[in-house]
Amino acid sequence: MERIYTGKTTVDAVNAYVEYRRIVGEDDGGRLFSEAEYEEYKRRVMPARVHNRLYVSFGVPGKIDCKLVGPETPCFCSHRFKQHQTDFEELPTERPIALPCRVKGCRCGAYQYVHHVGSQAVRCCCKHSPSEHSEAADHLCKKCSTCTGFQSPYTCGCGQPGHAHVTLVESREERESRGLPVGRAVPYAAMGGLTGFSSLAEGYLRLDPSGSGLPPHDIASPARAEQRKEHKGAYGTLSETSGNRKGADENDMVSPENCYQARLRKEKKSRHEWMPKKPSGPLKVAGKRMQN
1 MERIYTGKTT VDAVNAYVEY RRIVGEDDGG RLFSEAEYEE YKRRVMPARV HNRLYVSFGV
61 PGKIDCKLVG PETPCFCSHR FKQHQTDFEE LPTERPIALP CRVKGCRCGA YQYVHHVGSQ
121 AVRCCCKHSP SEHSEAADHL CKKCSTCTGF QSPYTCGCGQ PGHAHVTLVE SREERESRGL
181 PVGRAVPYAA MGGLTGFSSL AEGYLRLDPS GSGLPPHDIA SPARAEQRKE HKGAYGTLSE
241 TSGNRKGADE NDMVSPENCY QARLRKEKKS RHEWMPKKPS GPLKVAGKRM QN
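In this text, residue positions in the sequence shown follow full-length UniProt numbering: the first is 1, and each later residue adds one.
To be clear, the hints were calculated from the coordinates, so they are not data collected in a lab. Glycine included, each C-beta is placed from N, C-alpha and C at the ideal position. Be aware that a few hints might be false.
Below, computed lysine-lysine pairings styled on DSS-like, alpha-carbon distance capped at 25 Å [what the hints assert, rightly or not]:
hint, residue 1, residue 2
1, K143, K127
2, K104, K142
3, K104, K143
4, K127, K142
Here are the computed distance ranges between Cβ atoms for each label pair [said to hold, decoys possible]:
hint, residue 1, residue 2, range
5, E132, E90, 48 to 58 Å
6, S129, A262, 12 to 22 Å
7, D27, E132, 27 to 37 Å
8, D28, L200, 17 to 27 Å
9, F88, D28, 12 to 22 Å
10, S145, Y38, 44 to 54 Å
11, E267, L200, 36 to 46 Å
12, I4, P47, 38 to 48 Å
13, R3, Y260, 34 to 44 Å
14, T10, Q120, 14 to 24 Å
15, E267, P161, 44 to 54 Å
16, Q261, A201, 27 to 37 Å
17, D87, V18, 12 to 22 Å
Sequences and hints are given; from them, build the entire structure.
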């Protein structure tokens, strides 16, 4: 495999473009902003984006967030979340908040997530995929006349049926009132419900109940450890969700070497237990008495 070597100037240029794309998203219409346009865009958009961020999640009301929507998360209309309207100068007062698709010709009036198995979206009871249904609110099937609207028989990993899940769009205050993490204030476009690295995992796979992950600073300090011990997530304390652990010092990620050494000690002990004991008295062989 051929290696490609780049200088510091090239790396800085790539990092600058990645930062630009995260901030601007799809707002440039495919044409890169000039430096002046870029600065004007940041001055105009970033304050409202930080203060009026909308958090988008997918799950059963009153249960865990099965999916936290990010910029690349697809909608029922097959377009990405970043291709929907996500920035508001003032937050809408009506609920639920609709995030319409901005792709020309798409009739999607509100972002709506649908379950996926791998990279493929689940199918409807009529056996047709979401792309074969209308992206309008009724989601009627284009292939058959018996379908009354998209409804999948799929069962989520949380144990609830797919049709019981809803896409929730909420403000920072509404999410905090539910005891869920809101993350740091970031200027990036279409961040949705992402608040930490663990937000990328499905709800039933996350290692912490809140989805926020470990705090970024002073993780090993005793004060932080005590705070994490008492920290309540959306669904109870971390100690409650850890199950019946035998001790705080018990490590779940035991190294293979420790396992191997423990197995050797166990085998050695079992061999000693089954070895015949040496007789203590005199032995008789062929009618003769022998001293041991």
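Against the structure, the hints:
1. K143 to K127: holds (10 Å)
2. K104 to K142: holds (20 Å)
3. K104 to K143: Cα-Cα ~23 Å, so holds.
4. K127 to K142: holds (12 Å)
5. E132 to E90: 48 to 58 Å: Violated, since E132 and E90 (Cβ atoms, about 37 Å apart) do not stay within the stated range.
6. S129 to A262: 12 to 22 Å: Distance hint for S129, A262 is violated at roughly 50 Å.
7. D27 to E132: 27 to 37 Å: Between D27 and E132, where Cβ atoms are some 31 Å apart, the hint holds.
8. D28 to L200: 17 to 27 Å: For D28 and L200 the Cβ distance comes to about 26 Å; the hint holds.
9. F88 to D28: 12 to 22 Å: holds (19 Å)
10. S145 to Y38: 44 to 54 Å: holds (51 Å)
11. E267 to L200: 36 to 46 Å: holds (42 Å)
12. I4 to P47: 38 to 48 Å: Since I4 and P47 have Cβ atoms about 39 Å apart, the given range 38 to 48 Å holds.
13. R3 to Y260: 34 to 44 Å: Cβ of R3 to Cβ of Y260: about 37 Å, so the range 34 to 44 Å holds.
14. T10 to Q120: 14 to 24 Å: violated (37 Å)
15. E267 to P161: 44 to 54 Å: Check passed, 49 Å falls within 44 to 54 Å.
16. Q261 to A201: 27 to 37 Å: 33 Å Cβ-Cβ, so the 27 to 37 Å window holds.
17. D87 to V18: 12 to 22 Å: Holds: the Cβ-Cβ distance is about 20 Å, inside 12 to 22 Å.
Figure legend: structure checked against the earlier numbered hints; hints not met, in rising order: 5, 6, 14.
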